[in-house]
Amino acid sequence: MATDHSPVRGSDLDTVAGNGLVHRRMFLMAGTAAAASIASAALPNPAAADALQVEPWMKLPGSGFVGYGQPSKHEDKVVRIWNTAPGTIGTGTSRTPHHLLDGMITPNGLHFERHHSGIPEINPDTHRLLIHGLVKRPLIFTLETLARYPMESRIAFIECAGNGQLLYQKEPAQAGVQQIHGQVSCAEWTGVKLAVLLQEAGVDPKAKWILAEGADAAGMSRSIPMEKVMDDALVALYQNGEHVRPANGYPMRLLLPGYEGNMNVKWLRRIKATESPTMTKDETSKYTITLPDGKSLQFVLPQEGKSVITRPSPGLTMKEPGLYEISGLAWSGYGKINKVEVSADGGKSWAAAALQQPVLPKALTRFRMAWQWNGGPAILQSRATDDTGYVQPTREQMIAKRGTRTIFHSNAITTWSISDKGEVKHVYA
Amino acid sequence: MSTRNSLLIAVSALALISAVAVAADGPNLGRVATPEEIAAWDVSIGPEGVGLPPGSGTPKQGETVYLAKCVACHGEKGAGKPNDQLVGGQGTLPGDKPPVKTVGSFWPYATTIFDYVRRAMPYNESKSLTNDEVYAVVAYILQLNGVVGENDTIDARTLPKVKMPNRDGFVTFARGK
Numbered sequence: 001m002a003t004d005h006s007p008v009r010g011s012d013l014d015t016v017a018g019n020g021l022v023h024r025r026m027f028l029m030a031g032t033a034a035a036a037s038i039a040s041a042a043l044p045n046p047a048a049a050d051a052l053q054v055e056p057w058m059k060l061p062g063s064g065f066v067g068y069g070q071p072s073k074h075e076d077k078v079v080r081i082w083n084t085a086p087g088t089i090g091t092g093t094s095r096t097p098h099h100l101l102d103g104m105i106t107p108n109g110l111h112f113e114r115h116h117s118g119i120p121e122i123n124p125d126t127h128r129l130l131i132h133g134l135v136k137r138p139l140i141f142t143l144e145t146l147a148r149y150p151m152e153s154r155i156a157f158i159e160c161a162g163n164g165q166l167l168y169q170k171e172p173a174q175a176g177v178q179q180i181h182g183q184v185s186c187a188e189w190t191g192v193k194l195a196v197l198l199q200e201a202g203v204d205p206k207a208k209w210i211l212a213e214g215a216d217a218a219g220m221s222r223s224i225p226m227e228k229v230m231d232d233a234l235v236a237l238y239q240n241g242e243h244v245r246p247a248n249g250y251p252m253r254l255l256l257p258g259y260e261g262n263m264n265v266k267w268l269r270r271i272k273a274t275e276s277p278t279m280t281k282d283e284t285s286k287y288t289i290t291l292p293d294g295k296s297l298q299f300v301l302p303q304e305g306k307s308v309i310t311r312p313s314p315g316l317t318m319k320e321p322g323l324y325e326i327s328g329l330a331w332s333g334y335g336k337i338n339k340v341e342v343s344a345d346g347g348k349s350w351a352a353a354a355l356q357q358p359v360l361p362k363a364l365t366r367f368r369m370a371w372q373w374n375g376g377p378a379i380l381q382s383r384a385t386d387d388t389g390y391v392q393p394t395r396e397q398m399i400a401k402r403g404t405r406t407i408f409h410s411n412a413i414t415t416w417s418i419s420d421k422g423e424v425k426h427v428y429a
Numbered sequence: 430m431s432t433r434n435s436l437l438i439a440v441s442a443l444a445l446i447s448a449v450a451v452a453a454d455g456p457n458l459g460r461v462a463t464p465e466e467i468a469a470w471d472v473s474i475g476p477e478g479v480g481l482p483p484g485s486g487t488p489k490q491g492e493t494v495y496l497a498k499c500v501a502c503h504g505e506k507g508a509g510k511p512n513d514q515l516v517g518g519q520g521t522l523p524g525d526k527p528p529v530k531t532v533g534s535f536w537p538y539a540t541t542i543f544d545y546v547r548r549a550m551p552y553n554e555s556k557s558l559t560n561d562e563v564y565a566v567v568a569y570i571l572q573l574n575g576v577v578g579e580n581d582t583i584d585a586r587t588l589p590k591v592k593m594p595n596r597d598g599f600v601t602f603a604r605g606k
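Residue numbers (the working numbering), protein chains in the order written: chain A, 1 to 429; chain B, 430 to 606.
Just so you know, the hints here were simulated from the structure itself, not pulled from any lab data. It should be emphasised that the depicted structure is a prediction, and the values quoted were computed from it without experimental measurement. No false leads were slipped in.
Derived BS3-like pairs: lysine-lysine, alpha-carbon spacing no greater than 27 Å straight-line:
{"#": "1", "chain 1": "A", "residue 1": "K286", "chain 2": "B", "residue 2": "K590"}
{"#": "2", "chain 1": "A", "residue 1": "K286", "chain 2": "B", "residue 2": "K498"}
{"#": "3", "chain 1": "B", "residue 1": "K498", "chain 2": "B", "residue 2": "K556"}
{"#": "4", "chain 1": "B", "residue 1": "K556", "chain 2": "A", "residue 2": "K286"}
{"#": "5", "chain 1": "A", "residue 1": "K206", "chain 2": "B", "residue 2": "K590"}
{"#": "6", "chain 1": "B", "residue 1": "K592", "chain 2": "A", "residue 2": "K295"}
{"#": "7", "chain 1": "A", "residue 1": "K295", "chain 2": "B", "residue 2": "K590"}
{"#": "8", "chain 1": "A", "residue 1": "K348", "chain 2": "A", "residue 2": "K421"}
{"#": "9", "chain 1": "B", "residue 1": "K526", "chain 2": "A", "residue 2": "K295"}
{"#": "10", "chain 1": "B", "residue 1": "K592", "chain 2": "A", "residue 2": "K208"}
{"#": "11", "chain 1": "A", "residue 1": "K170", "chain 2": "B", "residue 2": "K526"}
{"#": "12", "chain 1": "A", "residue 1": "K170", "chain 2": "B", "residue 2": "K510"}
{"#": "13", "chain 1": "B", "residue 1": "K510", "chain 2": "A", "residue 2": "K295"}
{"#": "14", "chain 1": "B", "residue 1": "K510", "chain 2": "B", "residue 2": "K489"}
{"#": "15", "chain 1": "A", "residue 1": "K401", "chain 2": "B", "residue 2": "K526"}
{"#": "16", "chain 1": "A", "residue 1": "K286", "chain 2": "B", "residue 2": "K592"}
{"#": "17", "chain 1": "B", "residue 1": "K526", "chain 2": "A", "residue 2": "K286"}
{"#": "18", "chain 1": "B", "residue 1": "K510", "chain 2": "A", "residue 2": "K286"}
{"#": "19", "chain 1": "A", "residue 1": "K286", "chain 2": "B", "residue 2": "K506"}
{"#": "20", "chain 1": "B", "residue 1": "K590", "chain 2": "A", "residue 2": "K208"}
Kindly generate the complete structure, drawing on both the sequences and the hints.
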């Protein structure tokens, strides 16, 4: 498609990998080149729709104030999608529309959800947090007392351990980034370090675990290693500046940066210090990885290094050849993202993407890559490396190691194919 | 003079002590929980069965509870549909066909069944069963899975001793392995 008349002819210097991956400076050059090319061409009359107008909203005062603002009505497609268990309205998962978002923070109304018995309507005045078990002084906290403690903020992703499970399927699911990878979101969480509360209670050195329990009808509960709790667990009261949303644990939830979503217990009501794991339903029968030999890996706690291209992705059809930005998200439950590489030729060649600042440990990291699409077929992939040196595996590598008898902790490279019509499809490379 | 000095020393010492106390303990705004309060909330049951309440049940009693409260979601005799299958699937964990994970084929601890049923079931009215009913329905599910006999009684003493078929089927994860 690229011809001698193309305004942004890629020179060897600007090419960073095969099939059109180019240096980001091409965005600037494209602007000047395109402007020059338009100036030198005969200017056609703009189509009526394109003609500059003085719009009606420039002639009348706009609408008034509202108590809690909402997105533009033109953005009504930017919503979560969900599945529920048979016979229930609130047990299941909703997914974040990452293909329609940018940046690293997920808006509160679009944060993914996983509920095991719906969203409880909790009265914050009667909600209590009990800390007991192997402690000297068992303590009860109200929301009011917790709010008087020194707070900390932490930008962290939360990812359901089942996110990406469609990649274990034999055939590529005909689905997009929301359906396949929508069970990860990222927010600024603010609250009280659980270590401070546990120190006040006086933890017995014999206590190597805690049990965390929610106040929902399922009494969702998980065991968590004390080491993690003392390191960076937060009793989060705020999410992106406002009180945690009911769907995300109002009035308080546990935040365990990097650990599988299920352990970040919402509607937190009880912490029990214990010698060993309680062996709850979720940490035995559910969130374990069954291997080909029938044995199951238990306590697979941090989420592995991972990335996905969010744009372009299925549902976002490319209109015409030209310069595009490939954009996506990368994250690791073990630390910071060090590098994200992008390929447009199915993994034959790779180029390092730009990482949007800030790059924070255990937070979503936005990456960006310039791409001169020539209008031909392309196979897009991204591959993350975290600061422990861990490199995101291909689907083949993941399945060689884990098999397909599990739905959890899928972190393989996701592949989008672009047709010569610009349609984007999920494929296996 | 000496009184004033000792007072000064005492005051400084006190200030030092309280500063240390504050630094070590934080604001200390929690109220001490009474044993009764804890007992009312502490519903989790670990694999050793500590905290299992008084009461008991048999598979036969459990069948009555099951037919009244569980069969609509979990099917006849725990066969599943529309929700989780509770019975069968033993021997399906390795191999090429998808594993059938049930209480009998997969759950490593019988105490977990008591813990989970008491806190979360029946779905539409959780925490509504009596302890006897929970013991009974646990006994019924275990008996359907061939783990206990028809005439066995399940209570705080017997439940932790039940060895589940997949008890040794779990390996603690270590990264890189």
